[in-house]
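K.L.:
Please put together the full structure from these sequences, using the hints given.
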Amino acid sequence: MANILEVKNLKVYYPIKGGLMGRTIGHVKAVDDISFAIGEGETVGLVGESGCGKSTTGKAILGLVKIHSGQIVFNGEDITKYIGKNRSPYRKNVQMIFQDVYSSMNPKERVLDIIAEPLRNFEKLTKVEERKKVEELLSIVGLSSSNILKYPHQFSGGQRQRIGIARALALKPKLIVCDEPVSALDLSVQAQVLNYLKDIQEEFGIAYLFISHDLGVVEYMCKNLMVMHKSRFVEKGTEDTIYKNPVHIYTKRLMAATPDLDTKNRQKNAEIRKKIAEEYENSKSRYYKEDGTVYDLKKLSEEHYVAMP
Amino acid sequence: MKNRALSIKKLSVSFKMNGQYYKAVDNIDLDIMENEVFAIVGESGCGKSATAMSILRLHNENYTKIEGEINFGGKDLVSISEHGLNKIKGKEIGMIFQDPLSALNPLHRIGKQIEEMFVIHTNLNSLDRKNRALELLEDVGIPNPEIAYNSFPHELSGGMRQRIIIAIALSLSPSLLIADEPTTALDVTIQAQILDLMRDLKEKSKASVILITHDLGVVAEMADRVAVMYAGQIVELANVDEIFENPKHPYTKSLLSSIPRKSKSTNRLNTIFGSVPDLMNMPRDGCRFSSRIPWINEKEHEENPKLQEIEPNHFVRCSCYKNFHFQDSSIEKVKEKE
Ligand SMILES: Nc1ncnc2c1ncn2[C@@H]1O[C@H](COP(=O)(O)OP(=O)(O)OP(=O)(O)O)[C@@H](O)[C@H]1O
Ligand SMILES: Nc1ncnc2c1ncn2[C@@H]1O[C@H](COP(=O)(O)OP(=O)(O)OP(=O)(O)O)[C@@H](O)[C@H]1O
Ligand code: SF4
Ligand SMILES: [Mg+2]
Ligand SMILES: [Mg+2]
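Heads up: the protein sequence lines correspond to chains Z and R, in order. The first sequence lines up with residues 1 to 309 when you count with my numbering. The second sequence lines up with residues 1 to 338 when you count with my numbering.
Quick caveat, the hints were computed from the structure, so don't treat them as lab data. By construction, the Cβ of each residue, glycine as well, lies at the ideal position given by its N, Cα and C atoms. Among the clues, some could well be false.
As the list claims (entries may be wrong) - Derived Cβ-Cβ restraints for the label pairs, each shown as a range: (1) W295(R) with S146(Z): 31 to 39 Å; (2) E302(Z) with S319(R): 53 to 61 Å; (3) E279(Z) with G286(R): 36 to 44 Å; (4) E34(R) with K298(Z): 33 to 41 Å; (5) P312(R) with K268(Z): 51 to 59 Å; (6) E202(Z) with S79(R): 53 to 61 Å.
Claimed, not checked - These stretches of chain R come out as covered by chain Z in the derived footprint (C-beta under 8 Å, 3 or more residues): (7) 64 to 75; (8) 118 to 132; (9) 269 to 276.
P.N.:
Rendered as structure tokens:
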């Protein structure tokens, strides 16, 4: 299987401004040297702590943030060279479902305009065709076409998320960065969207970078998984291996924190969480460098890489 | 016997569209007890936030109508003066919004926004306010409180912004916390930490929490009682164990079977046929859920299902849930017939 996306040694630094003049006084290393690949039509999961750099990784792929160094290769072509230039030919093939949908929508635009925006940029449709297409996209995400002239504030949070998904699907891109695409959705719609993401993947061979904090969802969606902590990967491999045999202390902690549907396990889970938290405190020095940063990945097997000294 | 912390009576919330009001919350009764975590779950658009926001009257009054009573500490929050409400807001009742960005002012630094609570409700001096704010940031797991304190909202990640909102809501140890999808934007390790904070609030200051979430895992870990809402109504209400082990309403059962679990042999998740009708097209008579389970014979539905206590403390809308069964080969076939 050919790779649709290769990310090589990606670093993204945000400036920290300070002082009276708003000068740059330092940098937040939001993403600090990560590499991965996504095969055509494949789903790769990205999980990790809040603020560890997941969205930044996604935005870098879309060209929405400035890259400090590294390479992003899409379909064999190094697209880092498009930075600051018109990235249109690339952007048609890569879309993003945003974590914060509301802020990614213009409150003064109607649903029709929001969803049709990518169509207007890339496809020349008549008004009638466009409207039909938008209605089709709405029905795919379970919203009736009577919503087409409404504004974002007239929807519930979950409904807005679905509008964002419809927009990302409009151009049938080759890669979609899904940034917490279903975390704002209720279960039934979540199931609908996940089923649907799998369907269109099968039909059109779309690849996904699937960012989520819900390990249940990731387990269901992805074959390969990357666990991110402190701007780097701490564990990478097939989802099976990592779930069965988590090695890095952060991965263990992540799994212990995952809520359990069995109400009878409350007490037990709380104890496990406490135990792992203690292990985390005590074994930090084994898993992190002296300055607290994450080691480079070491290969345990073909399917399993862990950040270790 | 526990006392009521909040008592909602015959609450309806209507939104104005095209000059007409449509009920998003339709005549619900709820008692939140002291020192309990009360979860509200239900499909997107079923009225959870509309209910929660009406408690502090956060709806835009120009196009929202609230009817009924919301009793809190001997006062009716629906009719209390703006001034009276402001004294309660943030101090006795804390609120965590679903939309973290819209709840923060983009033009003010985080520290200032947290301290605003102390300025309004306490007489702490500025140094104490700052120290307390930094403490709160630490409590919600912000790694560098000093940096966050001086940041603007857009400089923080989604999850960090959400934790700022949580810090603000917890700042004055309210006796009632309304948490609308509080941990949805968070990764699970931080979520566990926030849930612990809410447990602390409940255990140490005997507070009550209204927890709105679609994450049934969180419900299973946190809630004492659970209300399941559908189309503006409560369709099932019971203790948390009962909801998970002995769900009755077809809607509750359907929700529980939509949870992604790998162990499930099928490749597809159970979905619920159709979608929640939007407000303008909501059926106002009969059972609102019947259109979602079209394979159940019409005669088997109740004409006007009412919420009734089928076992002690277990309420279900309708008595004919006994007739419900899942459609065997799931939803696909029904779709084709359409
Ligand atoms: N300002 C508004 N004007 C018109 N309709 C509204 C408004 N706010 C909400 N609604 C509608 O009221 C219904 C209930 O919305 P609400 O926000 O309470 O849903 P919710 O249960 O919180 O859903 P979610 O899980 O998606 O947040 C929905 O049909 C929604 O479209
Ligand atoms: N525009 C920006 N300017 C400065 N710093 C930023 C900016 N955007 C993000 N950051 C910082 O970069 C880091 C990574 O943020 P990012 O949004 O990628 O996190 P995330 O992993 O997506 O977190 P979450 O799960 O909370 O969404 C955080 O420390 C954040 O505060
Ligand atoms: S009438 Fe009863 S069985 Fe039929 S859908 Fe309504 S609650 Fe369910
Ligand atoms: Mg993010
Ligand atoms: Mg809501």
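K.L.:
None of the hints should be skipped; say for each whether it holds.
P.N.:
Against the structure, the hints:
1. W295(R) with S146(Z): 31 to 39 Å: 25 Å, violated
2. E302(Z) with S319(R): 53 to 61 Å: Check passed, 58 Å falls within 53 to 61 Å.
3. E279(Z) with G286(R): 36 to 44 Å: Given about 56 Å between the Cβ atoms, the range is violated.
4. E34(R) with K298(Z): 33 to 41 Å: 53 Å, violated
5. P312(R) with K268(Z): 51 to 59 Å: Check failed, 28 Å falls outside 51 to 59 Å.
6. E202(Z) with S79(R): 53 to 61 Å: Since the Cβ atoms of E202(Z) and S79(R) sit about 56 Å apart, the hinted range of 53 to 61 Å holds.
7. 64 to 75: Check failed, 0 qualifying residues.
8. 118 to 132: As far as the segment 118 to 132 of chain R goes, the hint is violated, because 0 residues have Cβ atoms under 8 Å from chain Z.
9. 269 to 276: holds (count 5)
Hint violations for this structure: numbers 1, 3, 4, 5, 7 and 8, all remaining hints satisfied.
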